[in-house]
Amino acid sequence: MNLSIQGIGVLGGFGCGTDALVSALSSGQCKPQSVSVKTSQGPREMAAFCADTSRLEEFVNKKNLRRIDHFSKMAILGSCLALQDAGKLGEDLSRMATIIATGYGATRTTYAFLDSFIVDGDSCSSPTYFANSVHNAAVAHVSTLLNITGPGLTVSQFEMSVASALLTARCWLEDGRVDSVLFGAVDEYCDVLGYCWHRYFRDRATTEHDMDPFNFDVQSAIPGEGASFFVLTRDDGGGSRYGSIKDVCLGMMDHFTEPPGRDSVFFIGADGHKEYGDHYQRFLSGHPRAACYTPLYGSLPIGPAFDIAVAALSIKSGKIFPVPTGKNEGLGLDTARESPGPICCVKMSSRGELGAVTVEA
Amino acid sequence: MNQRAVAITGMGCISAPGDNLPECIGSLFKGERNFGSPVRFASDNAITYPVFEVADDLASLETRNTPDISRTGRLFLKVAFEAIGDAGLDREFLRSKRVGVCMGTTVGCVMNDRDFYRAYLKGQDPDMADITRFLRSNPAEVVARELDLTGPCQTIANACSSSTDAISVGALWIRSGICDIVLAGGADELSHVAWNGFAALMITDSSPCKPFDRDRKGLNLGEGAAMMVLESEGVRRTRGKGARAFILGSGASCDAYHLTAPHPDGRGLRRALKEAIASSGVETKEIAFVNAHGTGTQDNDRVESGVLNDMLPGVPFLSTKGYTGHTLGAAGAIEAAFTVACLEMGRIPKSAGFTNPDLRLPASPAESEMEIRGSAAVSESLAFGGHNGVLVFGASGGLL
Numbered sequence: 002m003n004l005s006i007q008g009i010g011v012l013g014g015f016g017c018g019t020d021a022l023v024s025a026l027s028s029g030q031c032k033p034q035s036v037s038v039k040t041s042q043g044p045r046e047m048a049a050f051c052a053d054t055s056r057l058e059e060f061v062n063k064k065n066l067r068r069i070d071h072f073s074k075m076a077i078l079g080s081c082l083a084l085q086d087a088g089k090l091g092e093d094l095s096r097m098a099t100i101i102a103t104g105y106g107a108t109r110t111t112y113a114f115l116d117s118f119i120v121d122g123d124s125c126s127s128p129t130y131f132a133n134s135v136h137n138a139a140v141a142h143v144s145t146l147l148n149i150t151g152p153g154l155t156v157s158q159f160e161m162s163v164a165s166a167l168l169t170a171r172c173w174l175e176d177g178r179v180d181s182v183l184f185g186a187v188d189e190y191c192d193v194l195g196y197c198w199h200r201y202f203r204d205r206a207t208t209e210h211d212m213d214p215f216n217f218d219v220q221s222a223i224p225g226e227g228a229s230f231f232v233l234t235r236d237d238g239g240g241s242r243y244g245s246i247k248d249v250c251l252g253m254m255d256h257f258t259e260p261p262g263r264d265s266v267f268f269i270g271a272d273g274h275k276e277y278g279d280h281y282q283r284f285l286s287g288h289p290r291a292a293c294y295t296p297l298y299g300s301l302p303i304g305p306a307f308d309i310a311v312a313a314l315s316i317k318s319g320k321i322f323p324v325p326t327g328k329n330e331g332l333g334l335d336t337a338r339e340s341p342g343p344i345c346c347v348k349m350s351s352r353g354e355l356g357a358v359t360v361e362a
Numbered sequence: 380m381n382q383r384a385v386a387i388t389g390m391g392c393i394s395a396p397g398d399n400l401p402e403c404i405g406s407l408f409k410g411e412r413n414f415g416s417p418v419r420f421a422s423d424n425a426i427t428y429p430v431f432e433v434a435d436d437l438a439s440l441e442t443r444n445t446p447d448i449s450r451t452g453r454l455f456l457k458v459a460f461e462a463i464g465d466a467g468l469d470r471e472f473l474r475s476k477r478v479g480v481c482m483g484t485t486v487g488c489v490m491n492d493r494d495f496y497r498a499y500l501k502g503q504d505p506d507m508a509d510i511t512r513f514l515r516s517n518p519a520e521v522v523a524r525e526l527d528l529t530g531p532c533q534t535i536a537n538a539c540s541s542s543t544d545a546i547s548v549g550a551l552w553i554r555s556g557i558c559d560i561v562l563a564g565g566a567d568e569l570s571h572v573a574w575n576g577f578a579a580l581m582i583t584d585s586s587p588c589k590p591f592d593r594d595r596k597g598l599n600l601g602e603g604a605a606m607m608v609l610e611s612e613g614v615r616r617t618r619g620k621g622a623r624a625f626i627l628g629s630g631a632s633c634d635a636y637h638l639t640a641p642h643p644d645g646r647g648l649r650r651a652l653k654e655a656i657a658s659s660g661v662e663t664k665e666i667a668f669v670n671a672h673g674t675g676t677q678d679n680d681r682v683e684s685g686v687l688n689d690m691l692p693g694v695p696f697l698s699t700k701g702y703t704g705h706t707l708g709a710a711g712a713i714e715a716a717f718t719v720a721c722l723e724m725g726r727i728p729k730s731a732g733f734t735n736p737d738l739r740l741p742a743s744p745a746e747s748e749m750e751i752r753g754s755a756a757v758s759e760s761l762a763f764g765g766h767n768g769v770l771v772f773g774a775s776g777g778l779l
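Protein chains in written order, with this note's numbering: chain G, 2 to 362; chain E, 380 to 779.
Bear in mind the hints are in silico, worked out from the structure with no lab data behind them.
Be aware that a few hints might be false.
[As the list claims (entries may be wrong)] Footprint (simulated), chain E over chain G, 3 or more residues, beta carbon under 8 Å:
1) 51-64
2) 131-140
[To be verified] Straight-line Cα separation of at most 30 Å, DSBU-like style, residue types lysine-lysine; simulated pairs:
3) 39(G) to 501(E)
4) 320(G) to 89(G)
5) 89(G) to 653(E)
6) 620(E) to 476(E)
7) 729(E) to 664(E)
8) 664(E) to 409(E)
9) 247(G) to 476(E)
10) 39(G) to 275(G)
11) 247(G) to 89(G)
[Said to hold, decoys possible] Over 12 Å on every C-beta distance to chain G, these chain E residues come out as not near it, computed from the model:
12) 423
13) 611
14) 621
15) 723
16) 752
Ideal Cβ placement from N, Cα and C applies to all residues, glycine included.
So here's chain G without its partners, still in its complex pose (with noise of 0.2 Å):
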């Protein structure tokens, strides 16, 4: 069964809402912030891409935020911008699911809590900070503030989360168990994530340096922030602007039997990270057609879900996007002259597992 994409609602380095995403595609430029990382030989600036939720406002009340952190909001506004584009903000939501995922959830907050009580003992530990700190507060944030009374789910598989909770989103929809999802991803940049980078990465992380997810040899990740969603239904013939997806397809590389994805133009969510570059290649290596955009929303796990926002987009506008390396093409392919058919959005995950989605018109 096909789920048909009504509404699309991102936010992250590139900015706020489909506009913005658009306006970086096609200028194919996005500049990082510098961001400082505390380290052990003192502060070190890095680039990383950050989302801002300050238009949050125009849809909640500011009183009713102010006990949500900054990973519920980006959650909250993914979802008003989704829902606001499908007409169905302010609708009957009770037949409609929230599935929310993640690769490492409200990490701030999760390290908020341990300050509460690290620092003046276990008897200070704050309830506000744990109650936000728990993966599935953001579907709980957005069901109580939208009024979304069906099931809800948070799934975090790293950089599977996206393709493994769309699995279930599709099986909900063709089981007939809601009407509607809300699907969304998000995760977020926190100063022990950029620390952990730092350690990781070191001399890579820095502000000196693009991404170049298609050097598959060198480690060129930045990091990044943000939230995608989609108001997904059954695909009742009906047609939508923004296409459907066709396909979900996950699990380890080698054992489908027929790859995902055949005559499909390849969205390919490498994201600078050398560690997986000979997976990438050699999936790369049977499917030449492949277009790259992770340099304009940065490393992330959920990074497919933006994936799957540009095939939407290049599916609504009727063009593939440049390719954001500098030389307005990706590998076999001359986006200029490509139109859009399948695309299809991979994800590889360093223990070799592929997770798949085809979008098409």
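Given the structure of chain G, go ahead and fit chain E onto it with the hints provided.
Chain E in isolation, oriented as in the chain G frame:
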């Protein structure tokens, strides 16, 4: 048998009552409550809230492909080995099938190592081994990697209903033909971080928990894991394996009410229970008992008692958290395994910790061990964030 039924062909469990499912069940029917002060961490809190810990440090657990993983990861593997053994499966057979892994957890997917973070705060260079261990300990991936499984993996972090939902999703993967076999369950280790969190929320009892009792003061945390082998009819019949029970139906909903409190009228629980029973095809008179969420908090037990009294009047219910503590993301799977085991035995243990009926509650749990009548049973979970998950199990009736 309802066409949507999914066979359970094997189960495994570890929790404070025992190191495997038969030990756990034996302990429950003896009425044992293995609680005490936490032994794996020390707190400077003036109150030492009791916990239900697993005695085994799992250091001797033999693994092939998963060195240096979290304790939660080892709990997952322990019950995975028991469950596939109980199902009569081996690694080679599993590798030849489309096997998915769907796991629920709370603690198991949170990056919050205290020692690492303390050193970071002090401006030191902490050992990155703690973070690397976290990155290689994703619950579903740990099980898949250890057993060389090639199908889809999903780790569900729905707080206290995580593994109820994992079993429900696993059953759906079988029904939809995505997998031949799914290993579905949940695990959580006892965590100082979570222990502090629940203490801060002021819903932890400083004495052994008393679900549904007049004098209940809150929950006790526990740790453990449970897993079920869910199998397609095609595979099960080909290998001639009988089912221990069937998953007949499931339901889930969001209260959309409050981050840490259930809807006062149990709005979401009613919907999830109604959906689960409707999808199971069973009539309420066929339901032998309910394994309630029964945490021992004022709010949870009041809401659950009211909903059960309205929707399943007269059906016996119990909470097994008086034996296991609240094992968070593992709770749903542990209670599902207990539910199936009790359905097989035709009896339920007493609801541990329950002594004095609360006259404000419309229904009370089983005061003593009792025989049950009926071919189906319900297990329900109410989670932080207002999520509700319900499973309906059916006895196998000796069906092959």
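query = What are the numbers of the hints that this structure violates, sorted from low to high?
reply = 1, 12
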